[in-house]
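Sequences and hints are given; from them, build the entire structure.
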Amino acid sequence: MLRQIEGSRAVAETVALCRPEVVCAYPISPQTHIIEAVGAMVKAGTLAPCEFINVESEFAAMSVSIGASAAGARAYTATASQGLLFMLEAVYNASGLGLPIVMTLANRAIGAPINIWNDHSDAMAARDSGWIQLFAETNQEAADLHVQAFRLAEELSVPVMVCMDGFILTHAVEGVDLMSQDQVDSFLPPYEPRQVLDPDDPVSIGAMVGPEAFEEVRYLAHLRQLDALALIPSIAASFAGLTGRDSGGLVHPYRTDDAEVIVVALGSVLGTIKDAVDTRRARGERIGVLGITTFRPFPREAVRDALAGVSRVVVVEKAFSLGGEGVVLTDVVMALAGRDVVLHNVIAGLGGRPITQAAIEALLERAGTGDLGRLTFLDLDESAVSRERSRIAAARRTGPSAENVLYDRATQGSRVAQEQS
Amino acid sequence: MTIKRPVRFYQVGSFAVGNRLLADDQRTVQSDPNRANSIDSGHRACQGCGEALGARYALDAAMRAAGGRVVTVNATGCLEVFSTPYPETSWRVPWLHSLFGNAPAVATGVAAALRVKGREDVRVVGQAGDGGTVDIGFGTLSGMFERNDDVLFICYDNEGYMNTGVQRSAATPPAARTATTDAVGPEPGNVFGQGKDLPRIAMAHDIAYVATATVADLHDLEHKVEHAMTLRGSRYIHILVPCPLGWGSASSDTIRVARLAKESGLFPVFEAENGRVTSVSPIRRRARVEEYLRLQRRYAHLFGAHPRPDIVARLQAIADENIARYGLVNDETEDVRALEDTQEMVH
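As you go down the protein sequences, you meet chains A and B in turn. Numbering (the working numbering) for the first sequence: 1 to 421. Numbering (the working numbering) for the second sequence: 1 to 347.
Watch out, some of these pointers could steer you wrong.
[Said to hold, decoys possible] Keeping only pairs whose Cα atoms sit at most 25 angstroms apart, straight-line, the calculated SDA-like set for lysine to any residue is:
| no. | chain 1 | residue 1 | chain 2 | residue 2 |
| --- | --- | --- | --- | --- |
| 1 | B | Lys196 | B | Thr164 |
| 2 | B | Lys117 | A | Arg255 |
| 3 | B | Lys196 | B | Val184 |
| 4 | B | Lys117 | A | Tyr254 |
| 5 | B | Lys117 | A | Gly241 |
| 6 | B | Lys117 | A | Gly39 |
| 7 | A | Lys43 | B | Arg147 |
| 8 | B | Lys117 | A | Glu6 |
| 9 | B | Lys117 | B | Lys196 |
| 10 | B | Lys117 | A | Asp198 |
| 11 | B | Lys117 | A | Pro202 |
| 12 | B | Lys117 | A | Ser157 |
| 13 | B | Lys117 | A | Pro49 |
| 14 | B | Lys117 | A | Glu36 |
| 15 | B | Lys117 | A | Ala395 |
| 16 | B | Lys117 | A | Asp182 |
| 17 | B | Lys117 | B | Ala208 |
| 18 | B | Lys117 | B | Arg69 |
| 19 | B | Lys196 | B | Gln316 |
| 20 | B | Lys196 | B | Arg69 |
| 21 | B | Lys117 | A | Pro354 |
| 22 | B | Lys117 | A | Met41 |
| 23 | B | Lys117 | A | Asp201 |
[To be verified] Covered by chain A, per the in silico footprint, the following chain B stretches (three or more residues, Cβ under 8 angstroms):
| no. | stretch |
| --- | --- |
| 24 | 69-75 |
| 25 | 81-91 |
| 26 | 97-103 |
| 27 | 141-147 |
Keep in mind the hints are simulated off the structure, nothing from the lab. Computed from a prediction, not measured in an experiment: that's the story for all the values here. We put the beta carbon where it would ideally sit given N, CA and C, even for glycine.
This is the structure:
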């Protein structure tokens with residue numbers, strides 16, 4: 001049923017249709033609306049049977065999920081940013097134990113400086129945790145990915161993180177076609193755990209594993225990730241058969257067939273990039289977009305195939321490895337190994353800075369003229385950076401950089417306001 | 001108050017009740033040939049390990065009380081390591097180990113799953129050492145207490161991080177030598193801090209049941225576990241388990257050391273329900289703290305060539321404060337200290 005609905009609400013209602021049995025909640029912006037809505041449904045009895053547990057930290061949220069999943073319950077939680085980092089030890093543990101927990105990550109920057117707005121630093125910090133990471137482009141896809149996530153997780157006994165851009169998606173109201181209970185039930189069978197804590201068949205889970213077997217256990221986890229590469233497209237196809245929507249899968253190419261330049265990105269920014277591409281396509285430029293939906297496991301073959309024949313690739317991403325380059329870029333480089341392709345890396349949208357269509361078009365213009373370098377920080381205020389660099393060079397106790405930059409911007413802003421008045 | 005039983009035969013010196021003197025229904029769980037053997041023989045604990053002993057008695061008692069329907073969650077630590085060297089396991093109960101600091105939360109999750117599946121006949125027991133309880137697991141434990149999740153959580157307190165090589169925890173007593181509180185300087189060993197008395201902190205959550213016990217009185221320990229299993233909601237049992245390795249005590253002295261901890265007043269043994277103390281185990285033969293300390297090399301710096309009677313006196317004051325706080329001395333208490341003083345005067 002098509003409804004005009006907030007992204008968080010759409011996800012919460014869809015998660016409820018997946019019949020989670022234990023849901024943990026700890027508030028952190030921008031995912032709070034999701035767990036609030038799920039909590040209200042449990043409280044009202046419309047989502048039952050389900051245990052909704054208000055925990056004291058994200059570390060506890062993931063830990064409770066671990067216990068619930070190991071005892072055979074379908075477990076769900078949601079977090080963001082600092083919350084993901086606070087639970088990270090348990091995040092690794094959940095995948096190490098092979099527990100099919102599903103978690104929404106409402107992508108948000110990581111501090112310091114503290115910042116509640118969207119980027120992908122949080123997801124990238126958990127990149128190697130052994131969780132499958134799916135990125136939603138729209139709220140429709142965010143909702144749909146959760147249904148697919150439970151099926152994927154439970155078939156493989158691997159936890160799945162559904163990443164949706166904080167605020168940009170979680171708080172955006174748009175049309176979402178919500179599934180019916182019958183549809184979800186036909187798609188998602190009841191959870192049959194591979195391992196369960198049961199007095200009738202006692203097992204030890206989480207034993208000490210030394211060098212004699214650790215590598216094999218880790219390799220098996222890697223193979224499950226590779227299995228996911230095969231399973232994700234088939235789940236997406238089966239989902240498309242049910243709903244007619246192409247949510248999920250490994251990658252989403254857009255107007256790439258004859259493209260010379262392809263922009264690669266994850267998440268909601270794909271919409272803006274597609275608009276920019278449409279504009280430039282209308283002018284006859286051979287340009288396309290590749291959306292990466294499954295980031296872990298990384299679909300190297302699918303990316304390589306989708307980028308066949310291009311001369312230039314622009315990877316736009318909302319996170320980067322300090323002292324290195326973009327995180328997504330590294331994977332794209334690996335996918336294109338041996339190909340003669342010019343690669344550009346654009347770091348954009350950090351801490352919620354808007355990525356406008358105009359800025360993307362300007363980038364594409366520069367890429368077309370060969371004016372775009374290997375690494376670009378979109379809309380970077382270089383004067384603010386050089387002012388702070390000068391201060392640091394001139395004196396010792398210059399104070400915290402974040403506050404200095406803010407001060408500069410505030411005083412500059414008032415100067416502009418004075419000049420205008 | 002210890003267990004009220006019609007028969008109280010005390011063996012000389014130990015005060016332990018012999019099973020053979022009791023009726024069948026009063027005998028210990030361990031005397032039952034059909035006990036669960038929840039943690040089976042063959043594990044890698046050190047000789048004289050108090051934790052292995054305490055866990056064996058506690059879990060078998062829980063198993064008997066729950067009709068064999070028990071799931072356990074274990075924090076990282078000695079108990080986890082010595083019981084499950086892959087691919088072997090000593091556990092004959094369903095057992096889950098996740099992390100060091102999250103056993104209470106994992107236990108909450110297991111309890112929630114069992115509740116949602118209508119399997120509340122299956123009971124959840126969480127276990128951790130003092131590090132996993134008093135330090136790194138403290139937040140999740142307090143959260144579990146506050147929500148009153150249906151879990152019996154047991155802390156095996158050996159007063160330090162023994163698994164990692166005897167470092168200080170918040171449960172390490174003042175003046176004790178550990179690898180991170182060396183016996184050097186003007187204040188050798190651990191600091192005299194404010195302490196972190198987890199049984200009292202647990203009581204402050206007003207949970208259904210809080211009890212302390214030692215491996216010196218295993219019948220009392222079994223009774224407390226069995227009683228805890230008759231209740232629902234959060235319950236907490238804090239068991240003092242001497243560690244021969246970390247305390248520098250003889251493996252054969254584990255029970256003796258545990259008994260002296262109680263009989264000196266350093267480790268008060270009591271029960272509390274809904275935040276109020278309901279019974280205490282009175283001291284039978286009041287011992288000097290010094291008698292307890294001298295059995296352990298972690299306190300050797302208080303005696304040797306440069307004795308520190310001032311520090312011993314401060315430790316004695318802590319014991320005396322416990323005795324006053326819980327009323328551990330009663331009319332039946334035989335004061336060995338007074339006897340010794342008299343003898344000293346005679347000589």
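These are the hints, each one checked on the structure:
{"no.": "1", "hint": "B:Lys196 / B:Thr164", "result": "21 angstroms, holds"}
{"no.": "2", "hint": "B:Lys117 / A:Arg255", "result": "49 angstroms, violated"}
{"no.": "3", "hint": "B:Lys196 / B:Val184", "result": "24 angstroms, holds"}
{"no.": "4", "hint": "B:Lys117 / A:Tyr254", "result": "45 angstroms, violated"}
{"no.": "5", "hint": "B:Lys117 / A:Gly241", "result": "32 angstroms, violated"}
{"no.": "6", "hint": "B:Lys117 / A:Gly39", "result": "19 angstroms, holds"}
{"no.": "7", "hint": "A:Lys43 / B:Arg147", "result": "16 angstroms, holds"}
{"no.": "8", "hint": "B:Lys117 / A:Glu6", "result": "32 angstroms, violated"}
{"no.": "9", "hint": "B:Lys117 / B:Lys196", "result": "37 angstroms, violated"}
{"no.": "10", "hint": "B:Lys117 / A:Asp198", "result": "12 angstroms, holds"}
{"no.": "11", "hint": "B:Lys117 / A:Pro202", "result": "18 angstroms, holds"}
{"no.": "12", "hint": "B:Lys117 / A:Ser157", "result": "20 angstroms, holds"}
{"no.": "13", "hint": "B:Lys117 / A:Pro49", "result": "8 angstroms, holds"}
{"no.": "14", "hint": "B:Lys117 / A:Glu36", "result": "23 angstroms, holds"}
{"no.": "15", "hint": "B:Lys117 / A:Ala395", "result": "65 angstroms, violated"}
{"no.": "16", "hint": "B:Lys117 / A:Asp182", "result": "22 angstroms, holds"}
{"no.": "17", "hint": "B:Lys117 / B:Ala208", "result": "24 angstroms, holds"}
{"no.": "18", "hint": "B:Lys117 / B:Arg69", "result": "15 angstroms, holds"}
{"no.": "19", "hint": "B:Lys196 / B:Gln316", "result": "18 angstroms, holds"}
{"no.": "20", "hint": "B:Lys196 / B:Arg69", "result": "33 angstroms, violated"}
{"no.": "21", "hint": "B:Lys117 / A:Pro354", "result": "46 angstroms, violated"}
{"no.": "22", "hint": "B:Lys117 / A:Met41", "result": "18 angstroms, holds"}
{"no.": "23", "hint": "B:Lys117 / A:Asp201", "result": "17 angstroms, holds"}
{"no.": "24", "hint": "69-75", "result": "holds (count 5)"}
{"no.": "25", "hint": "81-91", "result": "holds (count 7)"}
{"no.": "26", "hint": "97-103", "result": "holds (count 5)"}
{"no.": "27", "hint": "141-147", "result": "holds (count 4)"}
The structure shown violates the earlier hints numbered 2, 4, 5, 8, 9, 15, 20 and 21.
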